[in-house]
Amino acid sequence: MNARGEEKCRRVGLSKRKRNKNLSEKATCSGHGEDSPYFAGWEEYRRNPYDPLHNPSGIIQMGLAENRLSSGVVEEWLSNHPEALMISNRDLLKDLALYQDYHGMPAFRTALANFMGALGRNKVKFEAERIVNTAGTTAANEVLMFCLADPGDVFLVPSPYYPGFDRDLRWRTGVEIVPIHCYSSNNFQITKSAVKSAYKDSQNRNKNVRGILITNPCNPLGTTSSAKTLKMLLDFTQKKKIHLVCDEIYSGSVFSSPQFHSIAEIVTRESSTPDNVHIVYGLSKDLGLPGFRVGAIYSYNNTVVTAARRMSSFCMISSQTQYLLSCMLSDSDFVECYIAENKKRLEERHKLLVSGFAKAGIKHLNGNAGLFCWVNMSHLLTSNDLEGELKLWKSILYETKLNISPGSSFNCMEPGWFRVCFAESNITTMEVALQRLQRFAEKYKAMY
Amino acid sequence: MSMNICEQEFTSVSERATCSAHGEDSAYFAGWEEYRRNPYDSLLNPSGVIQMGLAENRLSFDLLEEWLVKHPEASVNFQQDLFKELALYQDYHGLPAFKKAMANFMEELRGNKVKFEPERIVNTAGATAANEVLMFCLADPGDAFLVPSPYYAGFDRDLRWRTGVEIVPIHCYSSNNFQITKSAVESAFKEAQKRKMNVKGILITNPCNPLGTTSSAEILKMLLEFSMKKKIHLVCDEIYSGSVFSSPHFYSIAEIVAKQHYMADNVHIVYSLSKDLGLPGFRVGAIYSYNNSVVTAARRMSSFCMVSSQAQHLLSIMLSDSNFIKYYIQENKKRLKERHNLLVSGLAQAGIEQLDGNSGLFCWVNMRHLLPSHDLEGELKLWKSILEEARLNISPGSSFNCMEPGWFRVCFADMNMSTMEVALQRLQRFAKEYKIIANAKL
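Protein sequence lines, in the order shown, are assigned to chains Z and W. For the first sequence, position 261 (counting from the first letter as 1) is numbered 473 according to my numbering, and the numbering increases by one without interruption. For the second sequence, position 147 (counting from the first letter as 1) is numbered 178 according to my numbering, and the numbering increases by one without interruption.
In short, the hints are calculated from the structure, not lab data. Possibly wrong hints are sitting among the right ones.
Unchecked claim - A few chain Z residues facing chain W, derived, Cβ under 10 Å:
no., residue
1, 240
2, 305
3, 308
4, 313
5, 365
6, 383
7, 439
8, 519
Stated by the list, open to error - Each computed DSS-like pair below joins lysine-lysine, with the alpha-carbon atoms no more than 27 Å apart:
no., chain 1, residue 1, chain 2, residue 2
9, Z, 603, Z, 575
10, W, 290, W, 213
11, W, 144, W, 131
12, W, 101, W, 290
13, Z, 555, W, 115
14, Z, 571, Z, 603
15, Z, 306, W, 365
16, W, 213, W, 227
17, Z, 556, W, 115
18, Z, 575, Z, 606
19, Z, 419, Z, 443
20, Z, 408, Z, 419
21, W, 365, Z, 563
22, W, 290, Z, 306
23, Z, 575, Z, 335
24, W, 146, W, 364
25, Z, 306, W, 357
26, Z, 451, Z, 440
27, Z, 306, W, 131
28, W, 131, W, 357
29, Z, 306, W, 364
30, W, 368, W, 412
31, Z, 408, Z, 335
32, Z, 603, Z, 555
33, Z, 563, Z, 575
34, Z, 412, Z, 451
35, W, 466, Z, 306
Just so you know, even glycine gets a beta-carbon here, dropped at the ideal spot from N, CA and C.
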């Protein structure tokens with residue numbers, strides 16, 4: 213954990229464990245990342261979860277980026293296609309039970325490739341043979357780090373970034389993250405000078421930069437990168453002969469303009485085969501299926517496809533699940549309907565949240581994607597620093613009983629920003645949450 | 032997709048991506064490739080390669096099929112909220128019902144002589160992941176684990192590739208039926224120390240792959256005492272614990288631990304449903320650790336290799352059906368024994384001896400008398416002849432790090448009876464022809 217992280221833990225009152233010498237360094241260090249407010253808030257929620265009947269004064273979870281809005285669409289498809297779930301065909305059952313080839317079922321990879329194409333409005337064709345299956349995107353990101361970098365090497369990651377990266381990219385791989393700092397002054401967009409600055413910073417520390425990793429659409433910002441920004445990153449990485457990893461896990465959760473551009477579109481336009489570009493995808497967010505553990509690496513680099521595929525022995529997708537999804541995602545009518553309906557529901561819910569913020573006098577970053585809003589509560593800080601942010605987070609958690617995630621856990625440089633998730637609870641719960649937030653903001657206004 | 036890497040690629044990748052620690056450049060995997068290119072089929076390709084190199088259990092699959100057809104509720108009923116619950120369930124603690132069912136199953140496999148606590152189970156997507164997670168938790172890069180040889184070819188990858196841990200073999204020999212001796216363990220320990228490696232533990236498979244034998248209680252006790260004295264870990268991969276079909280009795284390390292009056296917090300068990308239940312495709316593995324810190328750390332690491340909630344649900348129902356489980360275990364053993372007997376008698380007819388085995392899905396077979404030369408080169412030549420002439424894919428002992436050339440692992444549970452008979456006839460013909468050639472040379 214870096215110095216800022218350790219400082220965070222100290223202030224939040226979370227202690228580091230004493231090193232147990234019989235275990236590995238990895239087992240005893242805090243590289244698992246769980247000693248942070250991001251996870252502490254989840255713990256509090258677990259201890260005291262809101263329920264409209266049984267626990268109406270409990271904590272409302274707004275810190276988990278899950279999509280429960282469109283489960284009904286998936287359930288309806290399943291009720292019309294029971295054969296995808298209940299394997300009563302004996303030959304098929306045997307095939308599935310024995311299928312442990314890390315290449316993955318061809319039908320599944322084809323269906324996934326088609327789905328990824330559909331998410332990008334079919335502007336790009338994805339080749340099924342370049343897909344490497346992994347049990348979730350957590351595994352995909354880690355496998356890529358193992359393939360692209362050696363221990364001690366650096367990956368540049370725009371901040372604010374998903375807290376799980378501290379664990380996924382670094383813990384077992386030994387790879388380091390150097391943030392590319394983004395600021396509210398230009399809506400947290402990635403600039404070329406910020407990239408160069410981070411690159412230089414690494415070089416000054418005698419670190420070997422092996423690549424850049426971005427999430428697009430971005431977690432926690434809820435925005436998409438422009439084609440211009442993607443091209444800038446592609447050009448920069450190719451010039452420096454480093455990798456570009458694009459985590460596009462929210463590509464099916466873009467609900468308004470501007471339009472989403474996958475790095476695959478930029479690559480196609482350039483009509484080159486850039487062997488330094490790799491895409492990460494998964495069905496946890498867009499399809500709301502995190503329990504099934506379905507992730508993928510899509511790489512334009514043959515060596516990486518081969519190496520990642522071999523490594524996927526450690527994180528293969530259950531054949532039963534591959535079969536279910538190959539049936540579902542091959543149904544192009546369903547895919548078309550789901551993508552459209554999911555966008556509609558996300559947009560509605562996002563609007564509800566945003567209007568609720570407005571009533572509470574809280575500003576947010578204009579977002580068009582993802583399952584969350586990046587919200588500016590700096591005007592509610594008692595002091596404009598990390599301590600002030602954590603105080604505010606605690607008040608909101610313990611007094612207002614809302615679990616939202618403080619910007620510092622996303623490595624945000626400016627105190628007072630919070631990520632608020634909107635797609636995991638039902639409408640009534642959301643309305644209760646917004647009322648609580650409005651009351652809190654009014655109370656604060658009255659006090660100050 | 033073109034595999035012509037060198038001329039196309041300019042951006043360098045990691046050392047781990049390009050080194051050969053993935054282990055696939057070995058005869059063990061090369062044989063599988065040959066099989067894939069030219070697989071035997073009784074109707075469509077009767078002269079193809081018969082696969083006897085894959086330790087899979089296909090003998091009792093019909094029992095699982097029957098159960099699944101009778102229990103559609105195990106395959107997720109979308110009409111209730113159950114589907115949504117499972118689809119969203121991503122807690123690395125794992126479904127409580129699943130862990131309880133796994134614990135019960137593991138107890139049943141050990142004749143209910145020990146109790147397993149569900150909270151000590153860590154789910155992983157297969158035993159491959161379980162072994163690697165344990166290495167990440169117990170050892171640092173450059174540290175050593177002592178592993179009795181011959182050992183499962185996949186360990187070179189699973190234990191070492193991404194972890195940086197080294198394997199130092201505990202050499203076992205045919206002179207005492209490849210049993211692990213205390214002096215061999217001490218010898219390996221000293222060897223590691225000489226090479227300035229920090230020994231962090233011992234890892235055994237029991238029942239053993241490739242030997243097809245189980246470790247005696249004395250040997251397990253010796254290993255437990257040695258590891259406790261040296262303050263190192265003892266990992267027991269018991270992935271074949273449900274595949275013990277004859278005497279001697281199978282002892283799990285859990286039984287030995289239960290008899291001790293102290294907490295053996297250096298002991299960890301690896302299990303999976305890939306072999307005993309014949310379900311490698313579902314990716315269901317587990318770590319069972321007596322060490323709380325290891326359970327916590329391993330659980331966190333299992334974020335990288337979680338078991339699909341769909342599989343957890345199905346198996347929590349199946350493994351909770353104790354009548355079915357009891358019946359399955361018994362019937363599976365019976366079928367393994369029959370098939371093992373068939374192989375052994377077929378080998379005898381070919382004049383080939385094997386190590387007396389009581390478990391697993393394979394036989395450890397002695398073909399030293401067929402070697403053109405008594406060394407690695409001779410073994411690989413013999414392996415190639417068997418692959419190309421007899422068209423049988425069996426695995427040479429060198430890919431299991433066996434010190435003595437001429438031993439081969441022959442799997443018997445991944446084909447049907449008639450294919451096995453064809454394979455045995457081919458082997459008998461091969462051995463006969465070899466005898467004629469050898470005699471002619473004299």
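Hints versus structure:
1. 240: holds, 7 Å
2. 305: holds, 6 Å
3. 308: With a minimum Cβ separation of about 5 Å from chain W (threshold 10 Å), the hint on residue 308/Z holds.
4. 313: holds, 9 Å
5. 365: holds, 8 Å
6. 383: With Cβ-Cβ at 8 Å, under 10 Å, it holds.
7. 439: Cβ of residue 439/Z sits 22 Å from chain W, so the hint is violated.
8. 519: Holds. Min distance 4 Å.
9. 603/Z <-> 575/Z: Distance ~19 Å between residue 603/Z and residue 575/Z Cα, so the pair holds.
10. 290/W <-> 213/W: Distance ~21 Å between residue 290/W and residue 213/W Cα, so the pair holds.
11. 144/W <-> 131/W: Since the Cα atoms of residue 144/W and residue 131/W sit roughly 17 Å apart, the hinted pair holds (cutoff 27 Å).
12. 101/W <-> 290/W: Not satisfied, since the Cα-Cα distance of roughly 40 Å exceeds 27 Å.
13. 555/Z <-> 115/W: Cα-Cα ~19 Å, so holds.
14. 571/Z <-> 603/Z: holds, 23 Å
15. 306/Z <-> 365/W: Given that 27 Å is the threshold and the Cα spacing comes to 21 Å, the pair holds.
16. 213/W <-> 227/W: Answer holds: residue 213/W to residue 227/W is near 21 Å, not above 27 Å.
17. 556/Z <-> 115/W: holds, 20 Å
18. 575/Z <-> 606/Z: holds, 20 Å
19. 419/Z <-> 443/Z: Holds: residue 419/Z and residue 443/Z sit about 25 Å apart, inside 27 Å.
20. 408/Z <-> 419/Z: Roughly 14 Å between the alpha carbons, so the hint for residue 408/Z and residue 419/Z holds.
21. 365/W <-> 563/Z: Roughly 64 Å separates the two Cα atoms, so the pair is violated.
22. 290/W <-> 306/Z: violated, 40 Å
23. 575/Z <-> 335/Z: Violated: residue 575/Z and residue 335/Z sit about 35 Å apart, past 27 Å.
24. 146/W <-> 364/W: Distance of about 22 Å is within 27 Å: holds.
25. 306/Z <-> 357/W: At roughly 22 Å apart (the allowed maximum being 27 Å), residue 357/W and residue 306/Z satisfy the hint.
26. 451/Z <-> 440/Z: The given pair, whose Cα atoms are some 16 Å apart, holds under the 27 Å limit.
27. 306/Z <-> 131/W: holds, 26 Å
28. 131/W <-> 357/W: holds, 16 Å
29. 306/Z <-> 364/W: Distance of about 20 Å is within 27 Å: holds.
30. 368/W <-> 412/W: It is violated: about 31 Å lies between the C-alpha atoms, which goes past 27 Å.
31. 408/Z <-> 335/Z: violated, 31 Å
32. 603/Z <-> 555/Z: violated, 35 Å
33. 563/Z <-> 575/Z: holds, 13 Å
34. 412/Z <-> 451/Z: Status holds; Cα separation ~14 Å.
35. 466/W <-> 306/Z: violated, 40 Å
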